[in-house]
Structures are given as C-alpha cells and as structure tokens.
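Student: What follows is the residue order along each chain.
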Amino acid sequence: MSKNIDINVHHITRVEGHGNITVNVKDGKIEKCEWQVPEAPRFFEAMVRGRRWDDIQTIVSRICGICSISHSFSAIKAVEDALGLEITEQADKIRLLLHYSEQLQSHVLHVGYLVAPDLFGEKSVVPLVPKAPDAVKTIIKAHRVANQWSELIAGRITHPITIIPGGLSRIPTEQQFRDLQNQLKAIVPDLVTICKVVLSVADRLPNFIRETEYVSLAKKGTYAFYHGDITSSDGHTKPVREWESVANEYVHPQSTAKWCKWHRESYATGALARYNNNYRFISPLGKTVADMFGLKPGVCGPFLNNVAQLAEAAHVVEVSIQMIDELLTKGLKNEKVVVKPKAGRGYGAVEAPRGILFHAYEFNKNGECTWGNMCIPTNQNHANIQKDFEKMVPEFMHMGQDGLRQTMEMLVRSYDPCISCSTHFLNVEFV
Amino acid sequence: MTKPRVAIFDFACCEGCQLQIVNLEEEILDLIGTVDVVEWREAMSEQSHDYDIAIIEGSITRLEDEKRIEIIRSRAKILIALGACATIGGVNKLKNNFSITDVKSCVYGKHADMPHLDTYYTKAIDEIVPVDFKVHGCPINGREFAAIVRALLLGKKPFVPDYPVCVECKALENVCRWEYNEPCLGPIIRAGCEAKCPSAGYRCFGCRGYVDHPNVDAAREVIDKYGLSLDDLRTRMVLFGSKQGPTL
Ligand code: SF4
Ligand code: SF4
Ligand code: SF4
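Here the protein sequences come in this chain order: A and B. One point on numbering: in the numbering used here, the residue at position 42 of the first sequence is 42, and numbering is uninterrupted. One point on numbering: in the numbering used here, the residue at position 222 of the second sequence is 222, and numbering is uninterrupted.
Chain A extracted, bound-state conformation (with noise of 0.2 Å):
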C-alpha cells in the first residue's frame, strides 16, 4: 500500500455546481483534506434591492434550477410575512402539493441520475441504459411524472410561474387534479422498484458513521416540508423568524460560500435530518421503504440520505393522492388575491429537497425591498462535509488513492449539494 496520496478533484463531477476536493498524504500522514467551494458567487442578497415585493420570487427563484419551487416559497413565505399576508387553507394545500413534486422530482433526479452511476460502477447514466434498461426507464418515467406534476400546477417545470405573494395566480382543474391523481397512483408500483434496484446495489454504499447534528423543520402530527419550526436532533427548537441564529454564517477561506454552525462545530440539513427529526410521521408507503434498507431514526451515516430520499419519494407520492382526494370533496374556489403592501421586515423558511432554505427580506412603505439575506442548505452543509472529510480520509486511507477519491466524491454527492446556489448569498452580521 502507498504511503503518499495525492488528490485533486478540481471541479467534482454529477453535483450541482463546482466543488473542489483536496487531499496530501506523506508518509501516511495527513497534510491536507479540504473541501473547496470556488463557484462564482452570484450576490442575490445585493440584486434584490430596490426591487418590487411581487418581483422578489421571479428573482431569487434563479439562484437554484433544482429547487426553484423551495426558494420561490421560502421567499413568499418572508414576503407575506412581511407584509403580514395570510393565505387560504386552499392555497396552503395547493402550494404543498406543489411542493411535494419538487421533492420527487429531486430525490428520483438525484438518485437516479447521479447516484445509481457510482454504485454500478459507471461514469454516468448514459452507459447505464444499455446494462439496466428496465431500471433506467422507471427512473426516466417517475421523474416525467414528477416534473409534468410541478408544471401542472406551477404552469413551468423550473421556475415556477403561479406562485404569488397570497396565494396563487392560477389553479388546476379538477379534471386535471383528478388526472394528476391517477398518475400518481400509477407509480407507485414504479417507486417500489426503483427502490429495489437500488437495494440491489445498496452494499456499494460505504459503510461510513459520524454522530452528527441534524436540523430541519419539524412539526407535530406531519412530517414537515413546508410548515413548522427549526428542530435539531440534539433537542432545541426555534420559530423560524429566529433562523439567523440558527444558520450562523461566517466566511470561510475554503470557500465563497458562507459556512454554518449552531450548537457543533457543524450541522447536517437534507432528507435525512428530516427523517431523523420527522419519521414518527411518514406515510405507510414511506415507512415500508425504510425498513426495506433497515434504515433506523437517529442513524448518522451520511450515505443514509441516498435511502431518506427514497423513502421520502414514497411519502409525498402516498400524502399528496390523499391529499387531492381532500380538495376535490371540498371544490375548488377561484380566489382573487389582493395585496396592498407596506413596510415590514419577514422570514421565511421551507425545506428545499436537499434540506432546509431560509429567506428574509425587508421592504419600505412603497413595497421596494431595501434588505435581503438567504441561507440556503448546501451552505449548511459545507462544514459539515469537511467534518466527515476528516474522519474519513484516515479510515478509508488504506483503499489506496482511487478508492478514497470516489469515497470522497460519493460523500459530496450523497449530500445532493447545490453548489451554485450556495454561493448567491449570505449576508451575515461580522463581529
């Protein structure tokens, strides 16, 4: 076994945005392990002053691809509470079905497309289609589902267009609710065998542990994505007007995105946070997936993510057919959203499909915003990659220089990060 490692990941492969990894060793010490952000920030907190409270989500929905329905939300959620607008319980559910495909979307997006390739050992889906064809094509099917779910309701797949301060510019018919049920309940059966084809492979996931600090919104009675208060694991709760003193940003050499920290040096955020702080509360189907992977609350395995999102794909699949079932015995309503602004500072978080995004903003009495800041859960995250980056090069250093390279970069990719969208913002107190 050599002694010396030498790697320089410059700009890692099937994530989200650049992130760069590097590794020293001599002489079977270690020198260097970092994790490196070089990504071009992009300063939305900046941009969106001056501009108007109804242009702020068709801004800060650009900072991400992937989750621009979460930060379209977690920004209305600032707006309207700012400028202390209420929404109808109608509304409300519309906006978490909606939200509920993002997290489909995502979690097939991600575990199909970038993870399933490391653990059938190929650079990328493409030379996956000829080896698992049956596999490739569920996958491709959920994830149609998945996305003509969004644009049914947010009238586009990425960035969304009905999402208003209020409540919603435009709703769905109940044929085309009703449509969107029936579609729904037609995969699940496909969920369940993407689930198995990757408990086929599921051994290839390293066997890695590191007690962690997991924080996500929770709250009592549902297993929480769009409603709630901030919970870590360790027992603290906190309203989410209070999510700066949570998220604690501070500038990082490593890196143009900020990093975080609440009651450790670092803190996990993503499907497994939520699982971990929300699993009394999943849905059958979601339930049974779990213990399909035998996957326990309070698990510390940064790979676990990769079976949180799975079984959390199940989850929103399984509530949001019940759900639908809720709005139709109802009927639907058209109802005209009226906004008057003024001038008022809010908060707003929800939890993106790679954990939890916090927006705050403040606007004058004319509506124009005069302050922003965001913190989104890639940046969460950051720190405590380097964390697990430390414990893990001297434990799998013996895999020699490729074996440890593509356990680090499947680490960064179980976290499913966002990198581009982690380096728009911040805006941190520095004392």
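One or more hints might be untrue.
[Said to hold, decoys possible] Just a few of them, taken from the derived set where beta-carbon distance is under 8 Å, the chain A residues facing chain B: (1) Arg42; (2) Phe43; (3) Gly50; (4) Asp55; (5) Ile59; (6) Val126; (7) Arg144; (8) Ile161; (9) Pro253.
[Unchecked claim] Over 10 Å on every C-beta distance to chain B, these chain A residues come out as not near it, computed from the model: (10) Cys33; (11) Glu34; (12) Leu85; (13) Glu86; (14) Pro239; (15) Lys261; (16) Gly294; (17) Leu332; (18) Arg345; (19) Asp402; (20) Leu411.
No lab work stands behind these hints: they were computed from the structure. Every residue gets a Cβ at the ideal spot worked out from N, C-alpha and C, and that includes glycine.
The hints should help you fit chain B with the ligands onto chain A, whose structure is shown.
Tutor: Using the frame of chain A, we list chain B with the ligands on its own:
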C-alpha cells in the same frame, strides 16, 4: 462520418437550463445518440478538451472566467449560448445596478476583500466572444433547444421567432394581463416560450429578451387598446438583462 463532439459548460447561473436538457428524458437519449457528448460536468465524470460544439450556460462575472470562455471559444467550431444568463446576462445583470464594492460588502461585509471572493460586472457571453447561436429563455424551452440542435446537425439555419410574445399569447386565447392592469412586457419580448407566463395567469417579465421587430399586429393591438408605448414598456424591463438605475 464521425459524430460531432459536444461539450457543455456552465458559468454563473442556476443550471436550470441544463436541467431542461435532462428533462427531455427519452428525447435526450436520441439526441445523445447523434452526437458524442464529451464533457458535461453535471451529468457525467468524463472531461475533454477536444470538441466541435460548445454549449455555454451562465454569465461571465469574473476575470478568470473571461479567460476560460476565450479558451473554450478557441477550441470550438460552433458556440451556443444557452439561456438568458448566457444570451443577455439574465437576472445576474441586476448586480450591475450597483457598484462592485457595494455588492461585495453587502454580501461579505468586512471579508469583501478576500481574493477568492472577487467578482466583476456581469456580462453576457457575446460581450466577450462571438456567439454562433442563442437559445433564449430563463429557463430555455427544451423543445426549442432540441429543434435548434437538430437543425445545426443537419447543417440548416435554426428557426428562432422574431415576433413578440403577444402573437403566441393571442393564439392561445389568453385574457390579456393588461385587462387587470398588470404590466405585461409581451409586446416587446421575443416569442418562443409559448407565452408561458400569461398562460399561467402572470405577466411576461421579459426573460427571452427584446424582439427585433415588435411592430406586428398582435402587439399593436395591445399597445393601442391599453394606451401603452414601446418606450414605456422598455423602462419596465427591470428583471432581465437591462441596466436600470437603482431605486434606493
Ligand atoms: S437562464 Fe435562467 S434557468 Fe437558465 S441558467 Fe440562467 S437563471 Fe437558470
Ligand atoms: S400583453 Fe397581453 S396579449 Fe401580450 S403577452 Fe401580455 S397578456 Fe398576452
Ligand atoms: S412569457 Fe415572458 S417571461 Fe414568461 S417565459 Fe415567455 S418570455 Fe419569459
């Protein structure tokens, strides 16, 4: 005949346009069959310096990225700008409303001078190197992208609409947003999105950029009926690629 080699690169952007390519699902597999994708960081691990067609997503916001795009241009026979960030600077140009010092200190506070946080004014790709084809929109329309690539592979000139969004909007029989006094930019914006926003009950905010010839019937009709002027509409183009004075 060897297949054309295609590479996809991203700069400052949300990567939503690449996602529209992924969303073509089966169709993308067909397209991939007719070309050799040699680099696509978001979807595969392979990387290459040898390509015929470069597809560029995102805006240029750093000097180091200007160099990178020049190198890509020198290697590629055909360069395609993908999406509003690349074609007109997209929402990234909102940054140009402020001074760079202000933007940096707003985001990074007292750390603004750390060298790795450096940034510059946002530029569209054709402000630095010549662009052969533009795929408009934020995000792009996946079907339009597939049609453009197919035309290029057949050696034909791709079709890009040069009439305003109103034409598509009227054909879909939408109620005009101006009927509710909502400032829709449809009359001055290039069509090709199938009037996505008005069809979803929302105003067009201009993501496909200005149309060269706005003066067609459908747009005239709207402008006359609601007493609008092209100049007034242009001043309302504040979100995409137009430098406006800050209101602060
Ligand atoms: S044009 Fe829009 S969708 Fe495309 S990369 Fe830029 S911000 Fe994203
Ligand atoms: S101005 Fe009216 S007709 Fe033209 S695109 Fe907008 S909504 Fe449609
Ligand atoms: S309607 Fe306007 S803003 Fe909407 S997609 Fe079309 S060009 Fe873009």
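Student: Could you work out which of the previously given hints the structure breaks and list their numbers from low to high?
Tutor: Structure breaks no hint.
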